[in-house]
Each structure stands twice: as structure tokens, then as C-alpha cells.
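> For the sequence shown, our numbering assigns the number 731 to the initial residue and increments by one for each residue that follows.
I should point out that these hints are in silico values taken from the structure, not numbers from a laboratory. Fair warning: this is a prediction, and the values are worked out from it, not measured in the lab. It is possible that some hints are incorrect.
Straight-line C-alpha distance at most 30 Å; calculated DSBU-like pairs for lysine-lysine [unchecked claim]: (1) K740 / K750; (2) K1021 / K833; (3) K915 / K750; (4) K733 / K826; (5) K1021 / K974; (6) K733 / K905; (7) K837 / K880; (8) K905 / K1035; (9) K790 / K1035; (10) K1035 / K766; (11) K826 / K837; (12) K750 / K733; (13) K916 / K1037; (14) K1037 / K912; (15) K837 / K766; (16) K766 / K1037; (17) K920 / K1035; (18) K750 / K1035.
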Amino acid sequence: PLKNSPITSKEMADIKANYKQIFAECYETFGAFHHKADPRSALEVSEEDREAFFEDLYNKPGFGIWLGNFHDTFFNVEANRLLSDFIARKIRQRVKDPATAEKLVPKNHGFGTRRVPLETNYYEVYNQDNAHLVDISETPIECITPAGVKCSDRQYDLDIIIYATGFDAVTGSLKRIDITGKGGKKLVDKWANGPRTFLGMQTADFPNFLTLVGPHNGATFCNIPRCIEQNVDWVTDLLAYMRKQNFHQVEPTVEAEDEWTAHVDETAQRTLFPTADSWFMGVNLNDPTKKRTFMLYAGGQQNYKEKCDEVAANGYRGLVMT
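Put together the whole structure using the sequences plus the hints.
Below, the structure is given as C-alpha cells:
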């Protein structure tokens, strides 16, 4: 639960007066949110202390239960299981009908390995008389009828159907544009087996094609208003450098692209994200041809910024300018 609440005039004034400090503190965290992971392991504290810590985070506003938790909940299977079990208990507490609660408890992934529900009173909706949950993995949808939806066990008569079938995250919008590079190469063909990039901002054989908050980019798995600033500043400095040196085209070498793409994958493999099917991994049931590969950068915005700064400090190593 987000625990959103009204902000008083005094609280807003205090926030505005401390913007500089708040933003600076955000840049010191993994996701550029005002949450720092706890350096302790979930396995090294007592059960009582661990439960109290989870409870405290769960009841605070923001994303603390996800991003301010024990650091190993993203990396250690047992640590993540302890957190996932806590979340399951919370769902069962909030949803009155046990059968419905069990349907809502994730069974095929650990908490945080997919995009977590950022919600206010979401689970309480299932306690309403006008809300009924249908698990289509148990009773699949067979067809849409003039009266509503027919599942394998029964017909549901409906006035309105709202389609929420997902979207092709991260690469979909770029691949739907006819982006053409050197020699007539098509981006949609190059990325057929997953994105290949340098710093998540360029791809070889597509000069002057710069992507902000795109695949393999540290800003994509981040507090975007904070992290897009890093992208914009870096690209602005690159263009200023090119103008000063009288360069007109820029693209990465294939070697630099291969190295970064491999680094993105290696970084993801050290986490639990690859254990779950999600849009993080490019899994999209609307496009079964997509290869399962990590789409984002899981090293954290601090590491990402350091790597971008290192490239710039070394004369934009890995880029070819003409």
C-alpha cells in the first residue's frame, strides 16, 4: 500500500525548501527514490526483529517495502521467500474470503521480482459485494459473447468489458517505427532477439539515434523524473563535445555494444529478476515471438551514472564520431 495522504501547507513548504537535499539523497540510492536498502541481511536478524521491520516498512508511505528493505531480498532466494511470505500474510489479512485471498497470493514469483502492486485499497475492493475474482488460469476465457464473457465453467453477463491485455514494454514503441540505419538495416530486425545497446542510449549501425529511458538504460528501472535528468545531461554534453570537435555523426562500436549488452545480462543474472516471467524480462503473451531477455539495467542508477561518466571522461570511449 502506498499510504498516500494529504500534505499540509507547512509540509509542502518544507519539501520545497529542501528540494536540493532531497534530490541529492535520491541520487545516493539504487532507484533514485527516497528509500535506501538496509545493509543487513534478512537472514541475520531474529524472526521478531525481521517481522517488525517488514511491518514498519509496509505501513509507511512510498515504496519502502520494495526498495528500502533488506538488501538481499533482490538477490537471495531465502531472503526473498521470507518477504514474500510476509506479503502473503498481509493479503490474507486484507481479503476476507480465504479462497479469493489464495488466488491473489502470487505462486509463481517472489515479491519484487515483477513490478509490484503500487496500490491504495486494491485488495479491499475484493471484499465488496459487487467484486468477483475469476482466475482464468483455472477457468480460461473461451470467447466473448453478445451478453458478456464465457469461461470454461460458466457465462458472465456484463454491461461493459474493459480490455487490459498489456503492452509491448520497453522496445515495442521503438520497433513499431520504421527506424532504418546504415545499409538499410532495420532496428526491428536487429532487435528481433532482444535489444543490443551501448549504455542503453545507442546501438551500432544507427548513427545519431539516441534513446532516452530506453532498453538497457539505468533510467528505465529508476525514478524516471530523477534519472532522465542524467540521460539528458549526458547526451547534451556529448552533443556539445561533438559540436566543438566539428563531428556530425556518432555511433557505438560493435565491441562496445557487445560489452554493454553482456554486462546488462550478467548484472541481471546476479539478481532474482530472471526467475520470474514479467515485462522486465520481455515476456509478453501478446507477442510470443519475443525472446526472454532482461530489458532494463539492474545495477542501480549509481553504478549506471558512474559507467556513463567514465565513458565521457575517456573521450567517449566506445563511440565512433565522424
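> Run every hint past the structure and note whether it holds.
Now the hints, each set against the structure:
no.	hint	result
1	K740 / K750	holds (18 Å)
2	K1021 / K833	holds (28 Å)
3	K915 / K750	violated (44 Å)
4	K733 / K826	holds (20 Å)
5	K1021 / K974	violated (41 Å)
6	K733 / K905	violated (37 Å)
7	K837 / K880	holds (25 Å)
8	K905 / K1035	holds (26 Å)
9	K790 / K1035	holds (29 Å)
10	K1035 / K766	holds (17 Å)
11	K826 / K837	holds (19 Å)
12	K750 / K733	holds (25 Å)
13	K916 / K1037	holds (28 Å)
14	K1037 / K912	holds (27 Å)
15	K837 / K766	holds (28 Å)
16	K766 / K1037	holds (21 Å)
17	K920 / K1035	holds (26 Å)
18	K750 / K1035	holds (19 Å)
When the structure is compared with the earlier hints, violations turn up for hints 3, 5 and 6 and for no others.
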